[in-house]
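Just so you know, the sequences run in chain order H and C.
Sequential numbering from 1 applies to the first sequence in full-length UniProt numbering.
Sequential numbering from 1 applies to the second sequence in full-length UniProt numbering.
Rather than coming from a laboratory, the hints here were simulated on the basis of the structure.
Incorrect hints may have been included.
Okay, the calculated beta carbon distance ranges per label pair [what the hints assert, rightly or not]: (1) H:Leu18 x C:Glu201: 32 to 38 Å; (2) C:Leu314 x H:Arg30: 53 to 59 Å; (3) H:Ser8 x C:Glu201: 41 to 47 Å; (4) C:Leu45 x H:Arg145: 36 to 42 Å; (5) C:Val48 x H:Arg145: 42 to 48 Å; (6) H:Leu18 x C:Gln23: 53 to 59 Å; (7) H:Gly75 x C:Val128: 48 to 54 Å; (8) C:Pro118 x H:Phe17: 17 to 23 Å; (9) H:Val56 x C:Gln23: 36 to 42 Å; (10) C:Ile44 x H:Pro38: 55 to 61 Å; (11) C:Glu201 x H:Asn207: 37 to 43 Å; (12) C:Leu230 x H:Asp72: 39 to 45 Å; (13) C:Pro118 x H:Asn11: 20 to 26 Å.
Among chain H residues calculated to face chain C with C-beta under 10 Å, some are [what the hints assert, rightly or not]: (14) Gly64; (15) Arg65; (16) Ile87.
Predicted model, so just to flag it, every value in this text is computed and none were measured.
Cβ coordinates follow ideal geometry from the N, Cα and C atoms, glycine included.
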Amino acid sequence: MAKRLDISDLNIYYSDFLAVEGVTMAIEPRSVTAFIGPSGCGKSTVIRSLNRMHEVIPGARIEGRIALDGEDLYGREVDPVRVRRQIGMVFQRPNPFPTMSIHANVIAGMRLNNKRMSKAAADEVVERSLRGANLWNEVKDRLNRPGSSLSGGQQQRLCIARAIAVQPDVLLMDEPCSALDPISTLAIEDLIGELKQEYTIVIVTHNMQQAARVSDQTAFFNLAGVGQPGKLIEMDATEKIFSNPSKKATEDYISGRFG
Amino acid sequence: MTTTGEPATSTTPPAKQRTRTPQRPGDIVFSFSAKAAGVLILIILAAVAAFLVAQAWPAIQTDSTELSERVHWLGQGRTLLGYVGPLVFGTVLAALIALLIATPVAIGVALFISHYAPRRLATSFGYVIDLLAAIPSVVYGLWGALWLMPKLFPAFQWLADNLGFIPLFAGPAGDPPRTILTAGIVLAVMILPIITAVSREVFLQTPTLHEEASLALGATRWEMIRMAVLPFARSGVISAAMLGLGRALGETMAVAMVLSPGLAYSIFLLQPGQQQNIAANIALKFPESSGLGVNVLIFTGLVLFLITLLVNMLARWIVSRRAEFSGAN
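Could you build all of it, start to finish, from the sequences and the hints given here?
If you want it as structure tokens, here you go:
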């Protein structure tokens, strides 16, 4: 549970296009690390390379090293499927499986790992995960309804429940609140605060207030111009980034001078 | 969802305030032409049905002894229903064999094109499959009769020798195998392209969101297909199979050229001269029919029309049964 991620000299490509260049950073366990930066700076690309979802796109590849507690995620013998079972992900738009019930959605990941699970064990996992995602009280009476019958915010918490049901080492969140209203956003942010007791969390956000509210560390990405690769400008404790950043570009961005 | 205890709100609809939106000429023209097209198809359907009923009526009305006297190929003492029954059986049997063979293959091919093959190969492969649909059914009949049958005979003989204890495969295997199984195989090849093409389109429309959801949970390619693609595509694949079934039910030429006809309720797939399908029967019998004989054949056509209608309604029902979980909401 809760492992650290070390990224060194990461270059990420889409075919021949260098999208992100030279990222080196350490992501601490049991903390929230936020990626901020203008659109197209590569923050989503970086987070997708952390669980090898980047390479799902044809022609996409990386150079460099990403290690989970010292173990290279891109090693020759490493199966990307295993990596994704260790590192969970929540997407920009809620994506529960529409053909599955709420119950089946939560244990979808467990079903992949061990096909045979007693009903009692499954129910226990469902309750634990839904409680973990602050959704249990809202859905406990209708676990057999389709996941798509929930509101957007509930669907997103269902996706979080699905991701934590398999007890991953790291939880990645790619703009998890960008499709949600302020109240649902608040619910997710509270949840992130609770989840960091147990998980290493990386969150991409466009909302700087959100990064300031939920994260312990903040990484600022920027790009020199269209067609240029995105780069990590600086990474530091969140208070420092938002009060006294060491780079001029960071200060310009957080003070709203561009982006 | 069925709500039973709901107060009856539907009995007193609130008085609708009708605000007239201004009518634009483009809207009027388009709405008229769309409506006209819709009405036209209904008129054509009704006209076909009316023709079939009107032409079949003399055969329905005529007393069965008189009918068997006046229509020489009907056979001694056969009633109209006694004639059409085995034909319906043969039609459905041939179509089901075709569907059972073609659907799994078509799903496999469609998945290969949509999710496994490299993009360039997938495109050209798709064209080749579509080409199968462009081959006239006479050519399929020739292919089945001249090329396929000799190749099938050893396999059929093996089936009869080794699995003959199952009634379906009871011997002796006919040589040449002008049997319902051969016809079913030829039909399967003929309906493969339509099922493949529709399934492929549906598979390609699976939301990336759902595919990524399963991949991010650590699903392999096949698990991703099972979790995200197949459930999403389920109703589309059923529709595709029903389109194929419709074609197999109505296929005339290929069946007429391959199958040795018979009029038995027979499940012997390897013996010739057992079954016949309605469309091929009409084609073969029409040249030697006149008067009441034609009416009998048109009656069988009416029955085929009804079967096809039933199949389509069944497909609709299957598709709508779990609409709530279909992802359409």
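We went through each hint and held it up to the structure:
For H:Leu18 and C:Glu201, the Cβ-Cβ distance of about 35 Å falls inside the hinted range of 32 to 38 Å, so the restraint holds. Between C:Leu314 and H:Arg30 the beta carbons are some 57 Å apart, a value that agrees with the proposed interval 53 to 59 Å. A beta carbon spacing of about 44 Å between H:Ser8 and C:Glu201 agrees with the range 41 to 47 Å that was offered as a hint. Checking the proposed 36 to 42 Å range against C:Leu45 and H:Arg145 shows it holds: the Cβ atoms sit about 39 Å from each other.
Between C:Val48 and H:Arg145 the CB atoms are about 44 Å apart, so this pair conforms to the stated range of 42 to 48 Å. The beta-carbon spacing between H:Leu18 and C:Gln23, approximately 56 Å, falls within the hinted interval of 53 to 59 Å. At about 40 Å, the beta-carbon gap between H:Gly75 and C:Val128 misses the expected band of 48 to 54 Å. For the pair C:Pro118 and H:Phe17, the supplied restraint of 17 to 23 Å holds, since their beta-carbon distance comes to about 20 Å.
Between H:Val56 and C:Gln23 the CB atoms are about 49 Å apart, so this pair departs from the stated range of 36 to 42 Å. For C:Ile44 paired with H:Pro38, a C-beta distance near 59 Å keeps the hint of 55 to 61 Å intact. Take C:Glu201 and H:Asn207: their Cβ atoms lie about 38 Å apart, and the range 37 to 43 Å holds. Look at C:Leu230 against H:Asp72: about 34 Å separates their beta carbons, and that is not inside 39 to 45 Å.
Taking the beta carbon of each, C:Pro118 and H:Asn11 are about 25 Å apart, inside 20 to 26 Å as hinted. Hint on H:Gly64 is violated. Least Cβ distance to chain C is approximately 21 Å, over the 10 Å limit. Given hint, H:Arg65 at the interface with chain C, is violated; its Cβ is 22 Å from that chain's nearest Cβ, farther than 10 Å. This hint holds: H:Ile87 has a C-beta 9 Å from the nearest C-beta of chain C, less than the 10 Å allowed.
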